[in-house]
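Please model the entire structure based on the sequences and the hints provided.
Below are the chains, spelled out letter by letter.
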Amino acid sequence: MTPTLNLLKNKILERIASGKVSMVPRWHFVLRLIITIALLFAFGALAVFLLSFIFFILPANGSWFLHDFGAPGWVHFFRLFPWLPAILLAISVILLGLVLERFSFVYHRPLIYLGLGTLLVVLAGSLLLAKTPMHRAFYQQSKKTPQSVVGDFYRGFGRMHSDNVYLGTINNVASSTFQIETESGEPLIIMMDERTNCPFGCDLDLDDTVMVMGNRLDGTINAAGVREIRDDEGFFGPPNWRERPPRYGLPREMMWP
Amino acid sequence: MAKTIVITDMEDSPLEKTDEDITRQVQNGDKEAFGELVVRYEAKMIRYGRKFLFGYEDTEDAVQEVFIKTYRNIQSFDATKKFSSWIYRIAHNEFINTIKKKGKEPLPFFDADTLFPHPVSPEKSDRQTHLREAKEMVEACLGKLPPKYREILVLYYLEELSYKEIADVLRVPTATVGVRLKRGRETLQSICQKQGFEL
Chain A
397 MTPTLNLLKN KILERIASGK VSMVPRWHFV LRLIITIALL FAFGALAVFL
447 LSFIFFILPA NGSWFLHDFG APGWVHFFRL FPWLPAILLA ISVILLGLVL
497 ERFSFVYHRP LIYLGLGTLL VVLAGSLLLA KTPMHRAFYQ QSKKTPQSVV
547 GDFYRGFGRM HSDNVYLGTI NNVASSTFQI ETESGEPLII MMDERTNCPF
597 GCDLDLDDTV MVMGNRLDGT INAAGVREIR DDEGFFGPPN WRERPPRYGL
647 PREMMWP
Chain B
5 MAKTIVITDM EDSPLEKTDE DITRQVQNGD KEAFGELVVR YEAKMIRYGR
55 KFLFGYEDTE DAVQEVFIKT YRNIQSFDAT KKFSSWIYRI AHNEFINTIK
105 KKGKEPLPFF DADTLFPHPV SPEKSDRQTH LREAKEMVEA CLGKLPPKYR
155 EILVLYYLEE LSYKEIADVL RVPTATVGVR LKRGRETLQS ICQKQGFEL
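Sequence lines, in order, name chains A and B.
So the mapping is simple: our numbering equals the position in the first sequence, first residue as 1, plus 396.
So the mapping is simple: our numbering equals the position in the second sequence, first residue as 1, plus 4.
Bear in mind the hints are in silico, worked out from the structure with no lab data behind them.
In this text, a Cβ means the ideal position worked out from N, Cα and C, and glycines have one as well.
Check the hints yourself; a few may be wrong.
Stated by the list, open to error - Below, a sample of chain A positions facing chain B; criterion: calculated Cβ distance under 8 Å:
#1 404
#2 420
#3 421
#4 503
#5 505
#6 507
To be verified - 30 Å max Cα-Cα, derived DSSO-like pairs, lysine-lysine:
#7 B:35 <-> A:407
#8 B:86 <-> A:405
#9 B:148 <-> B:168
#10 B:139 <-> B:86
#11 B:86 <-> B:35
#12 B:73 <-> B:48
#13 B:73 <-> B:108
#14 B:105 <-> A:416
#15 B:73 <-> B:85
#16 A:416 <-> B:35
#17 B:85 <-> B:108
#18 A:407 <-> B:85
#19 A:405 <-> B:21
#20 B:35 <-> A:405
#21 B:104 <-> A:405
#22 B:198 <-> B:85
#23 B:48 <-> A:405
#24 B:106 <-> B:198
#25 A:407 <-> B:73
#26 B:104 <-> A:416
#27 A:416 <-> B:86
#28 B:198 <-> A:407
#29 B:73 <-> B:168
#30 B:139 <-> B:198
#31 B:152 <-> B:198
#32 B:186 <-> B:148
#33 A:416 <-> B:21
#34 B:105 <-> B:186
#35 A:407 <-> B:21
#36 B:73 <-> A:416
#37 A:405 <-> B:106
#38 B:48 <-> B:85
#39 B:152 <-> B:139
So this is what it looks like as structure tokens:
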């Protein structure tokens, strides 16, 4: 053993003996591990919640149906997309990946597996969560408790903010015209012509819920697109949307007084 | 003449103990036993530091800091795992911090080699084929290599760690070690050729 080697050994042992260098207690590392695992679950749960929220809110506020109008519909779809939850989702997935990377079963595998695995787990979790009545319950709650943060979140994203897209219930039908009543109770006359895009047909009935895309002139809309929204498509309507009893499988006259 | 056989009690001799046994002793409060770990690893750490931190002045300070951090964090070491990989990992972090502090060499934020799976080249034949020539090349042209390749070549050819151990130290997939070594060798060869180094 060379004197140099002993020199370093002695130097370090002296520093340890003098108390200048002390061992970090085991509980500190245990606590750190617990915090890491808690963060893992927190970021995972946040990612699952946000993705399932996006899955829920797109049909709930009607913007999911816009893509049926083709290219102009896609433009509106992307404009109305809930970008804030999507950005928060991306951040939570990245943070989740960063926390996961601390574990050897993750960093010993290519990053692509980590990315795909994380996305698959978050996707599966969010699809499962979207099947539960949780978002539906929060959404209904948001109408009753306007002060809460959760209420603001659901109410804010539950409404489509667009000057060219209108949602309403048909209360009058003529040959190439019909009238809708919007969520705020405003009557709007919808004018259709041969250029109007009706992805599921232009044969509309009273009490149908419709989405209309087009330019507005006073109380009249020149419809570029009209799409009926069926009751089984996950549509909830904006927060002020009037409550209606379900109509599944029952004659219309029995359901809509 | 009768021979006397002296049986000495070797159980407490530090030389007979594994690194992990000594670590357990330190974890249980035997501070002096840490000195044995310093003795066992000082030469390795200095060699690793001098080669990886080629051209940097404060290698000895960095090595001292490696041992201080090893002692401080020794309770986090799982004694069922390999101590050498753990201390090399601490050294890797310390040396990377030294490079960052000096700001002389750019360090990649992200390594694309860790993104996709790669076929792993057979480790044994690879080392036997390249060991002698690579050692000479590493010694001769080390300073011109980027840190990413310099470190892996030092760990493999000079420290003689296995792919698995290097993967543990660098926290990358084992296949990435093979890919990075191959690229490192190629880069080293071209640098050496430019410098007129003849093998």
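Hint check:
1. 404: holds, 5 Å
2. 420: Holds. Min distance 5 Å.
3. 421: holds, 6 Å
4. 503: holds, 4 Å
5. 505: holds, 6 Å
6. 507: Status holds, d = 5 Å.
7. B:35 <-> A:407: Holds - the C-alpha atoms of residue 407 (chain A) and residue 35 (chain B) are around 13 Å apart, at most 30 Å.
8. B:86 <-> A:405: holds, 22 Å
9. B:148 <-> B:168: holds, 27 Å
10. B:139 <-> B:86: With Cα atoms ~25 Å apart, residue 139 (chain B) and residue 86 (chain B) stay inside 30 Å; holds.
11. B:86 <-> B:35: holds, 20 Å
12. B:73 <-> B:48: holds, 16 Å
13. B:73 <-> B:108: It holds: about 24 Å lies between the C-alpha atoms, which stays within 30 Å.
14. B:105 <-> A:416: holds, 24 Å
15. B:73 <-> B:85: Cα-Cα ~18 Å, so holds.
16. A:416 <-> B:35: Holds: residue 416 (chain A) and residue 35 (chain B) sit about 13 Å apart, inside 30 Å.
17. B:85 <-> B:108: Given that 30 Å is the threshold and the Cα spacing comes to 35 Å, the pair is violated.
18. A:407 <-> B:85: holds, 28 Å
19. A:405 <-> B:21: holds, 18 Å
20. B:35 <-> A:405: holds, 12 Å
21. B:104 <-> A:405: holds, 27 Å
22. B:198 <-> B:85: The given pair, whose Cα atoms are some 43 Å apart, is violated under the 30 Å limit.
23. B:48 <-> A:405: holds, 14 Å
24. B:106 <-> B:198: holds, 27 Å
25. A:407 <-> B:73: With a Cα-Cα distance of about 14 Å, the restraint between residue 407 (chain A) and residue 73 (chain B) holds, given a limit of 30 Å.
26. B:104 <-> A:416: Holds, because 26 Å separates the two Cα atoms, which is no more than 30 Å.
27. A:416 <-> B:86: Within the cut-off at roughly 28 Å; holds.
28. B:198 <-> A:407: Outside the cut-off at roughly 43 Å; violated.
29. B:73 <-> B:168: holds, 23 Å
30. B:139 <-> B:198: Given pair residue 139 (chain B), residue 198 (chain B) holds - Cα atoms ~18 Å apart, limit 30 Å.
31. B:152 <-> B:198: holds, 20 Å
32. B:186 <-> B:148: holds, 17 Å
33. A:416 <-> B:21: holds, 28 Å
34. B:105 <-> B:186: holds, 29 Å
35. A:407 <-> B:21: holds, 23 Å
36. B:73 <-> A:416: holds, 12 Å
37. A:405 <-> B:106: Holds, at roughly 27 Å.
38. B:48 <-> B:85: Holds - the C-alpha atoms of residue 85 (chain B) and residue 48 (chain B) are around 19 Å apart, at most 30 Å.
39. B:152 <-> B:139: Since the Cα atoms of residue 152 (chain B) and residue 139 (chain B) sit roughly 17 Å apart, the hinted pair holds (cutoff 30 Å).
Hint check: violations occur at hints 17, 22 and 28; the rest are consistent with the structure.
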